[in-house]
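Chains as they are written, first to last, in the working numbering: chain A, 1 to 374; chain B, 1 to 331; chain C, 1 to 331; chain D, 1 to 343.
FYI, nobody ran anything at the bench for these hints, they're computed from the structure. A quick note: this is a predicted structure, and the numbers were derived from the prediction, not measured. Every residue gets a Cβ at the ideal spot worked out from N, C-alpha and C, and that includes glycine. Fair warning: there could be bad hints in the mix.
What the hints assert, rightly or not - Ranges of calculated distance between the beta carbons of each label pair, as one might list FRET restraints: (1) B:Glu327 <-> D:His310: 48 to 58 Å; (2) B:Ala135 <-> A:Leu42: 40 to 50 Å; (3) D:Ala300 <-> A:Gly193: 52 to 62 Å; (4) B:Gly129 <-> A:Phe179: 30 to 40 Å; (5) C:Val111 <-> A:Leu256: 32 to 42 Å; (6) D:Ala64 <-> B:Glu91: 49 to 59 Å; (7) C:Ile326 <-> A:Gly193: 22 to 32 Å.
As the list claims (entries may be wrong) - Below, a sample of chain D positions facing chain B; criterion: calculated Cβ distance under 10 Å: (8) Gly48; (9) Gly157; (10) Gly174; (11) Met176; (12) Ala233; (13) Leu272; (14) Gly281; (15) Val288; (16) Asp291.
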Amino acid sequence: MAEERGGLGAEELRYYTASQWQLIWWRFRRHRGALVGAWVLLVLAFMGAFAPFIAPYSGTARDRDYVYGPPQIPRFWDENGFSLRPFVYGVKTERDPVTLRKIARVDRDQRRYLRFFVEGEPYRLFGLIPMRVRLFGVEEGKIHLFGTDELGRDLFSRLMFATGTSLSIGVLGVLIAEFLALVIGGIAGYFGGWIDYGIQRLTEVVRVVPVIPLYMGLAAAFPPEWSNVQVYFAMTLVLGLVGWPTLARRVRSHLLAQRREDYVLAAELAGARPAWVIRRHLLPSFTSYIIVDVVISFPYMVLSETALSFIGLGLRPPTISWGILLQEAQNVRAIEQAPWLFIPAVFVIVAVLAFTVLGDGLRDAADPYAVSRR
Amino acid sequence: MSAPLVEVEGLAVRFPVHSRGLFRRRVGQIHAVDGVDLRLERGETVGLVGESGSGKTTLGRAILRAVPVSEGRIRFHLEEGEVDVLALAGERLRRFRRHMQLVFQDPYASLDPRMTVRDIIAEPLEALGLAASRAEVDERVREIAQRCRINVEYLRRFPHAFSGGQRQRIGIARALVCNPEFLVLDEPVSALDVSIQADILNLLMDLQDSFGTTYLFITHDLAVVGQIARRVAVMYLGRIVELAPTEELFQRPLHPYTRALFSAIPSLEPGRSERLVLAGEVPDPAHPPSGCRFHTRCPFARPRCREEPPELRALAPDHLVACHFAEELAP
Amino acid sequence: MLRFILQRAIGMVVTMFFVSIMVFVIMELPPGDYADRYAFRKFSGTGVVVTEEDIESIRKQFGLDRPAWERYLTWIWGIVTRFDFGPSFAFETSVTDVIGERVGLTLVLLVATLLLTYLLSIPIGIYAAVRRQSLADYGLTVVSYLGLAIPNFMLALILLYIGVTYFDTTVGGLFSPEFEKAPWSWAKFRDLLAHLFVPAVVLAWSATALQLQTVRATMSDELHKPYVDAARARGLGEAKVILKYPARLAINPVVSTIGFDINRIFSELPIVALVLGLPELGELLLRSFLDLDMYVAGAILLMLTFVIVFMNFVSDIVLALLDPRIRLEGG
Amino acid sequence: MSAAAAALLRVRDLTVDFRTDEGWVRAVEEVGFDLRPGRTLGLVGESGSGKSVSTRALVRLLPASARIAPGSSMRFRLRSGEEMEIAALSPRDRRLRRLRGGEIALIFQEPMAAFSPVYTIGHQMCEALFAHPEAVGGRLSRAEARERAVEMLARVGIANPALRFDQYPFELSGGMRQRAMIALALITRPQLLIADEPTTALDVTLQAQILDLMQELRAEFGMAMIFITHDMAVIAQIADEVAVMYLGRIVESGPAREVLRRPKHPYTQALLRALPRPEAGRRRLVPVPGDIPSPRERPAGCPFHPRCAHRLPGRCDRALPPVVEVGDGHRVACVLFAEEGGR
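Construct all of the structure, not just a fragment, from the sequences and the given hints.
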């Protein structure tokens, strides 16, 4: 409680002269869960952006010696003694005497030491910078942190690439949806009347059709001869096209509420042009809500992509996304034999949780004046 | 005597009433303001008194062109000549706004919480481009802030740092920064605590003394209007029923409605003589009563009141009243 | 009230009209048309050389040479008058035959899911709002986060996994093998109910999570309204106050979002059905989209949407019955 | 006979704290007053003075974040003659339900918000009757309850009471809703009516109607009343005694006439001076300097001293002023009177 009276404390002065963004930040900081969520997302985004650097191998490279291989967990010591440098065991391929199938067998005597910044296959970072250095690797043989799939592809590497794809598709989808929502909701909220009525009807029509079936309908229209890049962008477009109505409704009602505020009338009576009102009053009140909106709708985009790719109507291999990775875990046999194929699901869950918690925190912080109005 | 600053003639504001549902038919209209004549002399304060639903706020905003006007004339007599305000549109209307401003009732909703006090006060100057440079804007903001007894150090702060009374001072400073000739004050002290009200009323009187601004002071509180206004107009259901110099009105209210308003004010001296307590409430403005709109609640109503709307006529010099039987009823 | 219902009914028809146009557009979107796919399916691998003329004649046969709006009218006319949704090439019969029994199963599944959702979310949501920061409240928060984060198909996979590894049963399907092709009987119905549980839990999963939050949020809002204190001040017992006053209003948003819930459930149907092997509309829809059997897909899309729109209509009416403000003012 | 012995309600040292993000905030501090049957106490103060909180404490209708501090006492004499210590009741005590509505009734500032929108006026009135068989002479049948409710609606001046009985709150006009609220409160014939700014949201003409009605009903029902307002003039109309609150403390109390004619505390004086009077003539008012501090920044010593024109540096900002009796029942908490008055 304020002990010093009379003179204004530095703390109070700081509060009184704090702008909207500072207040939002102060309130947001108190929300521990949201901070954790933000960090988790930063890490995921980093993984996605630097996927080729972090992943020891390309997403399609096969390790024929280690098919359906379980995760290799780096260790420091075993019955053969301690090592300061973490290592994984080597594998030997043997043929099963009965089925004659090749199976990987762990060779506990062979150690593969983990090295950082090793030379690997060449790649281009961000599709531009040619590089060879990878974050980590082993000197001989290969390392598969999360194991491999039925073709012997490294799940860890694939997951890094998938993270990049899924997050970026979510971002683009949300951006398109938010853009449409702003334009359409903005027009409806600003002009009102018949235009508003018509747009409301249209929004309602798109909203009543079940979302995933609608996605499916649009995704089914992708011609089979389309390239991966085309499918990728078509997906973002579809996500955006289906996602806008909910956002547009929120934009519209927020705009209507803001327009009715006394201070907007005050600005108009002070001789402000519409552009001034929008720039000085409406947009600043809006941006924080839009950020919240984006964060909240993001999980739906990611989940929709995952779901669609999962059932084969979204992205197509060799593109790698969370949904495509999960496709391999679609049947019970796969999960039984190779439960590590379920690791991508953990990523999806963690990412969505992070977004949800972050969204909640932002929503609480987004209107720093809510309390002081009372 | 010179021409008045603001001249309002036959002003009417009607809001359409729509039915709900798919086909929004127009089912009627609310006569919020219905044929009001009003003249405001340069530098005077006219009080506009009435209950909620009387149309006083709409009248004030209509003069400022903040709500669409259905009928009538509004003229400003400025130094540069006479201006027909209703004929203004677009850019010319926008430019004209420097001559007339509004102070809001709610000191919380009327200040954008995302702008500093300096930016709020500077808005009319910057929006209208009335200052040549940023330095000049700062200079004028500083000057008006001092006049409105706002600590200059507060200009960097945001509205959330302030109490109701201080916020209202900011609102007044914003309205006055472009030196308007005419100010509509819409219940500027109703939302404030009693101990703060007096301070704001004093400030408004001081500012009028130094700037010579003309005030239209809207309130539901006759006691407040007695302190600040030179003349008072009493409104009932969109019409002015009585208009007189304050002293005259307080001593000799002629309209039964005005008298009822007076006797409804709780007094510090309990047990005053003859009280005129009104029955019922203000009727729905979408369906106003015929004839004299007050006849449904008037204790003296006669058959004629139901049929014939009374004209606003002068019973004494400067004392106008809209009642058929004002002479008989006069105390 | 009758007018209100009529208005909503008209609104429903208008919405369905636009939806049907949208569905038709989606049916037309994939490259190539019905004739191409029909010919490809019928003759590929048979060695028959299909010429342009052959396809053209098929096109004529199905009326595909006519303009889109004409085909739309024929299509919609068939649905409205004869309940004929067009042909399915994949099954080489009419869509109605293909859909047949699946409609009933889908509705049974839907009702089971909704019941489960509301039986869980309403009481728990109310309890969590009343006992804020209790164990129930925190548990609810965790569950509702998980409900959002774990997509239903993932939950289905998890349940499948648990079923296979720990209980050595497949939890998929709607019937035991012996009843799959059997005619309807009491035993078959009981078998269905037993199998219904897992899909219903999976489908209700995220809907419950969302509804829990909605109920809790509205309940928290309502709990602090003055009328609740007013009811307490009347001397009512706490349980009665809570259940009779705020809880009554906390149900309204649940009623008003029933269409939204069904939308969610239908959204998840195809994927969950795929994982759990359920013979209902969602699974068929998915298959028809993969096969580009567009008449089937269109019919299902239209039906699912119709259920949602119809339930929106029902919820509007129920809401009006629950809330006198809508009933008496909305008409 | 001493006044205290006949008191219906005796409040002593009532202190209420609220838990906030920044710690505990004291909303009401050491409030004390007596109320005799049939008398009206006017509780007057500006926003944040704690007048609503102190009366809510009487029926234990405080938010969950509030705490009545130990040492607070609110003794109420029930209809049965038994004395009850309201501060000692547990929030779940069944006797609390008899108290609420049966012995002490409340009317609120916003009648629209105080009625549930989904039940009829009559339904909510009958509920009060059914909840208090002890106060209304036994269990009533539906028909009897309806009859009483309609009677009561008629009594508070609602035309067409039988029709209004079956209407929803939003179908009534503002004035009628406030009348219905009063009818609802009085239907159980409570011993004490707490009216929390019942006329603030109303126009002056309606305010006059409601004040007249409440005066009438008070006389007819013979109940005691606590009337909360921020308007000194309303106090003059309706109250027998008055207690002036500032930042959670009673700074002056006594017979209404006496306090209004001869206010002693600088705050009361300032309030009365600042009040615009219904007289014509442009003149300067005398404002109270400064702003009301928020309850979380309560000044040390006398809460009013930062705004007081007569403050004595070194005294007013150090310790709480003693309560001094300056006339018959007229008490003031100000050091200016500490010497001359004595206890």
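How the hints compare with the structure:
1. B:Glu327 <-> D:His310: 48 to 58 Å: holds (52 Å)
2. B:Ala135 <-> A:Leu42: 40 to 50 Å: For Leu42 of chain A against Ala135 of chain B, whose Cβ atoms are near 43 Å apart, the range 40 to 50 Å holds.
3. D:Ala300 <-> A:Gly193: 52 to 62 Å: With Cβ atoms ~59 Å apart, the hint holds.
4. B:Gly129 <-> A:Phe179: 30 to 40 Å: Once the Cβ atoms are compared, 32 Å apart, the range 30 to 40 Å for Phe179 of chain A and Gly129 of chain B holds.
5. C:Val111 <-> A:Leu256: 32 to 42 Å: holds (37 Å)
6. D:Ala64 <-> B:Glu91: 49 to 59 Å: Check passed, 56 Å falls within 49 to 59 Å.
7. C:Ile326 <-> A:Gly193: 22 to 32 Å: holds (24 Å)
8. Gly48: With Cβ-Cβ at 9 Å, under 10 Å, it holds.
9. Gly157: Since chain B brings a Cβ to about 9 Å from Gly157 of chain D, closer than 10 Å, the hint holds.
10. Gly174: holds (7 Å)
11. Met176: Hint on Met176 of chain D: holds, closest Cβ of chain B at ~8 Å, below 10 Å.
12. Ala233: Where the cut-off is 10 Å and the nearest Cβ of chain B is about 4 Å from Ala233 of chain D, the hint holds.
13. Leu272: The hint holds - Leu272 of chain D has a Cβ within 10 Å of chain B, the shortest such distance being about 7 Å.
14. Gly281: Holds, about 7 Å.
15. Val288: Since the shortest Cβ distance to chain B is 4 Å, the answer is holds.
16. Asp291: holds (5 Å)
The structure meets every hint from the earlier list without exception.
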